[in-house]
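Keeping the supplied structure of chain A fixed, place chain B upon it in accordance with the hints.
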Amino acid sequence: MNLEKVVFAFFIVLSLTLNFGFFIGDLDDPNHHNVYELYAALIVSLIATILKFGDRAHIGAVLLATSLVADLQLIAAAIVWTISEHGTRAGLTPMVMSSIVSLSGGALLANITSVVILVTETVMFRR
Amino acid sequence: MQDIIYLMLRRMRLPLIVVILAYTISITGLVLIPGVDDQGNHWRMTLFHAFYFVSYVGTTIGFGEVPYPFTDSQRLWTSLAMYLTVISWLFAIGSLFAVLQDPAFRRVLAYATFTRSVRKIKEPFYLVCGFGDAGQLVVNELAADHIRSVIIDLDEVRIQSLQLENFPIDIPALCADVTDSSTLLAAGLDKPECAGVIALTGKDHVNLTVAISSKLLAPDLQVICRADTHDEQANMASFGTDYIINPFDTFAERFAMMFQSPSMFLVYEWMTSIQEAPLREFAAPPRGTWIVCGYGRFGKAVQKSLSFKGLQTVIVERDISATAAPEGTIEGRGTEAITLYEAGIELADGIIAGTDDDANNLSIIMTARDMNEKLFTVARQNLSNNDGTFNAANIDLTMKSGMIIGRRIIDLITNPLLTNFLRMARTQNESWANVLVSRVAGTLTDQAPETWTLTISEKHTPALLEAFRKGQDVTVRHLVTDPREVGQRLPCVLLYMTRANQSELLLPEDDTVLQAGDRLLFCGRRHAETHMLWTVNNFHALNFICTGSDRPSGTVWRLFSGHRAD
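Line order of the protein sequences matches chains A and B. Every position in the first sequence, counted from 1, becomes a number in the numbering used here once 144 is added. Every position in the second sequence, counted from 1, becomes a number in the numbering used here once 4 is added.
Next up, chain A with everything else stripped away, as it sits in the complex (with noise of 0.2 Å):
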């Protein structure tokens, strides 16, 4: 057993499903998507990301990579709520919310990529 890999394995599936589960509910609905559960999929996400540093594998790289796509689709979401929140006076408008939850969804994607590649790696290699 490799503790570095299992270590990741969780930060990247647990930002997954945090991820998912933030995304989950209707698009432009405030109600259904919490602003708590953006900020721990940020964060376990941006954890994902560094524990890939330095590593030289192209498997890593490229894990590195879809991870990174990740932390830049969600810090631009919670970018867009920063704003329309504390910077303008307009609040959270469906319009926004839906900007807001699609960004969070292209991030599931890079974080399902992620995944795919790490259950590949897994398979592949039976150690």
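Hints were generated in silico from the structure; no laboratory data involved. Where hints are given, some of them may not hold.
[To be verified] Incomplete in silico selection of chain B near chain A, CB under 10 Å: (1) Ile9; (2) Tyr10; (3) Arg14; (4) Met16; (5) Ile31; (6) Val35; (7) Ile37; (8) Lys195.
[Claimed, not checked] A partial selection of chain B residues facing chain A, derived with a Cβ cut-off under 8 Å: (9) Ile21; (10) Val22; (11) Phe52; (12) Val90.
We treat Cβ as the ideally placed atom computed from N, Cα and C, and that holds for glycine.
Frame of chain A, contents of chain B only:
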């Protein structure tokens, strides 16, 4: 370079995760703890405000409590958050600096810089392994001729000393083990620009390893090696090392020449001295009994050539069995008067201090001279930083390995004609050498001559080629005439020339007619070369020398003076 980034990222994993966790804990706490606003209502910090607050607390900027003054429970949490975030930042920044300072990281960085600068080299260069006395001499002289070298040495201090040198060109250097062939490859062994490998480390076996790796990885490359023992020398020769230089044999050969033909020795000494060395005269050594102190590699080589010249030698050696010294060897170091007395110092004519310890060698010379003032003294100097003491000791002949090896290599690389000349000169007799010495001494005053090569070709001497095309004969006399004052000779002597048909001329006469493809070896003052280059590059200067009249160079003047335009 990629390695460095990977290494750095890998080392930064933990510190970055600690920073993120510290922020997460602090932000989450601030969001959860309720506060009271200015109207006494309950409020909760949003994630954005909490992030903003923690960011400025963590980086110790600190603006105060926003947007409303905190309750005590918020302040309690903030105290915790402050320590948590500040410590995690310190940890992260500390780790970053530790990575940057780490010797392994710095080595990787130095290696990356080195390979990059080697990759960028676009002109021929020499790979020098070992930056000791000989290596320094070679690199210095090559740099003075604007020939690049790449240096590898195991000693960090020597590589660092290189940074203080003021070379006119950039010389990449790396502290690494040359026996590792990947190091040689990183230093550009397989680059087409690599002109040769020079192995000058103090260990014969390391030199051998370099030579064999070079011959295998780049078979066409010229390999020049230093070898101190005959055993390794034969080994190196067995796989085709181009030049093997044994400093002890080289010195012993020269020393033997001193007995046979002092003038010939002088020719060798002058032609192969370093740039701007003082011109030295050497007294002829006496033919009598010689005492050789130290029967190591040096002692053996010198003793052999002395015996070959039919001179009687007495050997003084501390460890008779280990050095396999012959019968009649006196046991002792030679630094004590009693040993020297036993060796018959009072009746001896010369003494050779040839141990591998400089202090002992000086001691031998001083003690011996006290007992017999008329002795001819020869000393082996092992380290170049003892130059001062050896000069002060006023020794008749000093053997410096670094100098001998370095000089030989520079001549091999920069002046192949000189090697040919010296080879031919050896076959001449003493009176020939006398003539040459007086001729050279007549042109020079106090400095040893410099040698340089002139190739007659379109590229190097366009004016000469133009004169040939017009059917004008140019002789050696024209070349050595001072272009500033016709009738005056430049302070130089033509030693040797090769012609396009491979024939060789030793000390060519002044009326030898030059042809395209000739290569000429001159010795003399450096400024003579500059003036000569003026003659061979400027057709009007050449014409003035050949005909004695200044031809008009412009078309208008040519019309007026009645010259045919050509």
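Hint by hint, here is what the structure shows:
Among the interface hints, the one on isoleucine 9(B) holds; its C-beta lies about 8 Å from the nearest C-beta in chain A, closer than the 10 Å criterion. Residue-level restraint check for tyrosine 10(B) holds (minimum Cβ-Cβ distance to chain A is 5 Å; threshold 10 Å). A least Cβ separation of about 3 Å between arginine 14(B) and chain A falls short of the 10 Å threshold, and the interface hint therefore holds. Here the hint on methionine 16(B) is kept, as its CB sits about 6 Å from the closest CB of chain A, short of 10 Å.
Look at isoleucine 31(B): its Cβ gets to within about 8 Å of chain A, closer than 10 Å, so that hint holds up. The criterion of a C-beta within 10 Å of any C-beta in chain A is met by valine 35(B), whose closest approach is roughly 8 Å, and the hint holds. Nearest Cβ of chain A to the Cβ of isoleucine 37(B): about 14 Å, over the 10 Å cut. The hint is violated. For lysine 195(B), the interface hint is violated, the least distance from its beta-carbon to any beta-carbon of chain A being 27 Å, above 10 Å.
Hint status for isoleucine 21(B): holds, given a least beta-carbon distance of 5 Å to chain A, under 8 Å. For valine 22(B), the shortest C-beta to C-beta distance to chain A is roughly 10 Å, which exceeds 8 Å, and the interface hint is violated. Restraint check, phenylalanine 52(B) versus chain A: the minimum CB separation of about 5 Å is within 8 Å; hint holds. This hint is violated: valine 90(B) has a C-beta 20 Å from the nearest C-beta of chain A, more than the 8 Å allowed.
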